[in-house]
Amino acid sequence: MMDSLLVLIPVVWPLITAALLLPLTGRTRLQQAAALVSGGVLLASAMLLCARTARGAILVLPLGGWSPRVGIVWVADALAAVMLLFVATVSYATLLYAAGSLRGERERRYFYPLHQFLLVGVGGSILTGDIFNLFVFFEVMLLASFALIALGGRARQVRMGVPYVIVNLVGSALFLAAVGAIYGAAGTVNMAELSLRAGGGGLPGVFWGATALVLVVFMVKTALFPVFAWLPDSYPEAPVTVNGLFAGLLTKVGVYTLFRTIPLLGGAAPGGWQPALVAIAATTMLVGVFGALGRSTIRGVLSFHIVSQVGYMIFGLALFTPLALAAGLFHTLHNMLAKTALVFAGGVAERMGGSGKLYAMRGLARTEPWLAAGFFVAAMSLAGMPPLSGFWGKWFLVAGGLAAGAPVATGISLLVGLFTLASMLKIWNAVFWGEPKGQRYPGRGRHRGMLGATLSLAAMSLLTGLLAAPIFSHLERVATQLLDVTPYVAAVRAAERRDDHAEAP
Amino acid sequence: MIGLAAVLSGVLFACGLYLLLSRNLQRMAIGFLLLSNGVNLFVLTSAGLPAGAAPPLVGEGEGASRAPFADPLAQAFILTAIVIGLGMAAFLLALSTRHHDASGRDDVEGDDET
Chain A
1 MMDSLLVLIP VVWPLITAAL LLPLTGRTRL QQAAALVSGG VLLASAMLLC ARTARGAILV
61 LPLGGWSPRV GIVWVADALA AVMLLFVATV SYATLLYAAG SLRGERERRY FYPLHQFLLV
121 GVGGSILTGD IFNLFVFFEV MLLASFALIA LGGRARQVRM GVPYVIVNLV GSALFLAAVG
181 AIYGAAGTVN MAELSLRAGG GGLPGVFWGA TALVLVVFMV KTALFPVFAW LPDSYPEAPV
241 TVNGLFAGLL TKVGVYTLFR TIPLLGGAAP GGWQPALVAI AATTMLVGVF GALGRSTIRG
301 VLSFHIVSQV GYMIFGLALF TPLALAAGLF HTLHNMLAKT ALVFAGGVAE RMGGSGKLYA
361 MRGLARTEPW LAAGFFVAAM SLAGMPPLSG FWGKWFLVAG GLAAGAPVAT GISLLVGLFT
421 LASMLKIWNA VFWGEPKGQR YPGRGRHRGM LGATLSLAAM SLLTGLLAAP IFSHLERVAT
481 QLLDVTPYVA AVRAAERRDD HAEAP
Chain B
1 MIGLAAVLSG VLFACGLYLL LSRNLQRMAI GFLLLSNGVN LFVLTSAGLP AGAAPPLVGE
61 GEGASRAPFA DPLAQAFILT AIVIGLGMAA FLLALSTRHH DASGRDDVEG DDET
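Residue numbers (our numbering), protein chains in the order written: chain A, 1 to 505; chain B, 1 to 114.
Rather than coming from a laboratory, the hints here were simulated on the basis of the structure.
Just so it is clear, CB atoms sit at the ideal spot from N, CA and C, and this is done for glycine as well.
Hints may be right or wrong, so weigh each one.
[To be verified] To give an idea of the interface, some chain A residues facing chain B are shown, with a C-beta separation under 8 Å as derived from the structure:
#1 69
#2 70
#3 136
#4 150
#5 154
#6 166
#7 173
#8 177
#9 181
#10 286
#11 399
All chains should be built: construct the whole structure from the sequences, respecting the hints.
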């Protein structure tokens, strides 16, 4: 009972909250307070779920009592739990930040309910055990994100949002077609069953073609090379709060789905995919970092860096060893904290200068030391300076890459780290360093919630770096469980047997 | 039957993608509708369309028909997808209205800054 509740809460609780927030439309303060309370419950439940699954337990909830082969199952293992914990953390910080950052009635009016709907989609995508429901929750997440990215509805923002909308819609259509083809070829869409059948061999070529299409769609959602172009233009145009939320959550859900599906299905795939994945990861790192160097606004640079960082995560996955996989996971979690903190700090600076252009305003380190400290910690973490979380993410990744025999891609990851540092110093130099000038609206950026959210995320990045050893050893257990797919498959199938037993007279 | 459905689904895909490549938001909305219908037909076809299959309505007891019937799960997928497609189409139309209100035009111009 307790276990079922823990699996249900990450999806159902935000849905209930959203329904309760809608009648309060227009009463923004009340909405924010309610969303904060609800976010606290979500955070607590994610912690409980982490504790419950830490020893390798896998909670399976068959909804509606159907056998998992044809019905809907939700599965919570240690990977899902740790992702949910970080999702809840980032979303809580976003709520703190939102009050000071959202501008005007147009942006404030529907933000809080939409934020909850986004969480429904994210939670569902993480917990679902079959690919059709993954499609459904992707759509829930997308629809909420479409509305959020267009929040406020400035002409330029809508224009830049259109490619985001269209690319994701086409991606979803292809995803659904691939799910249909997989169902036609394998007779089920449950991931555990698919893993079993794929391992058994004898599936037609259609199945592998459709699986490849699904992976391409996940790559679109993750913003990997060569299907990342929807991201760098649309994100900086969204309101800062939304930009931070997306940077922390959306591409990471794509990363999560790749981490979930590739070990389940990829192990049995006909060869040749692993070098391709390593090459894609390395190219993504390079393209992302060079693209970022060419941008001229704070959030433009930061958003292009999302692409580069996603490359690191997928590099860890592509190596397919427990060490590298755990490193990829560590990097994912680190990035959710550091990237959101950076976007938040950049947003405050943008508010004070009245523009996001680099060099439009300088010297924030003198006038706003706390904000500058928050930015500096997160930026150095992203660039991989010890003892921050980003350093350990890269350290483990390099160790894993060398151990797995991929020296070229490992070298590229180090090189990209250097350019990341250059990029972060460019922002630091342009915005925070030097004599104060051009700070046209200093009062607008001084908001306790905004500063608090930025600083606490940066502090958590520091803490993750200081506690790297215990966190990483936990993630190594997670990665081992993920690579050895049998516990996952066995847990889902055990739920099926239990169900058959219950139905028997 | 399967051949016909496959060709029709391909035509819907092609027309939908062609329209989605346009800069005009209303054309994009129509393109999306065509594409999503093409996908629905594709899902129905890939789950198998046995000739002369009955609808998946199985009676109770011994008298139930033993004739082959269409796969109900694929139809459930499509039903869900239709609802989602409707939501997305509604959003696209709302977006094109919003874009028209904000910029006074119906097409999305190219990017001036890179």
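Each hint, compared with the structure:
| no. | hint | result |
| --- | --- | --- |
| 1 | 69 | violated (10 Å) |
| 2 | 70 | holds (6 Å) |
| 3 | 136 | holds (6 Å) |
| 4 | 150 | holds (6 Å) |
| 5 | 154 | holds (7 Å) |
| 6 | 166 | holds (6 Å) |
| 7 | 173 | holds (5 Å) |
| 8 | 177 | holds (5 Å) |
| 9 | 181 | holds (5 Å) |
| 10 | 286 | violated (18 Å) |
| 11 | 399 | violated (38 Å) |
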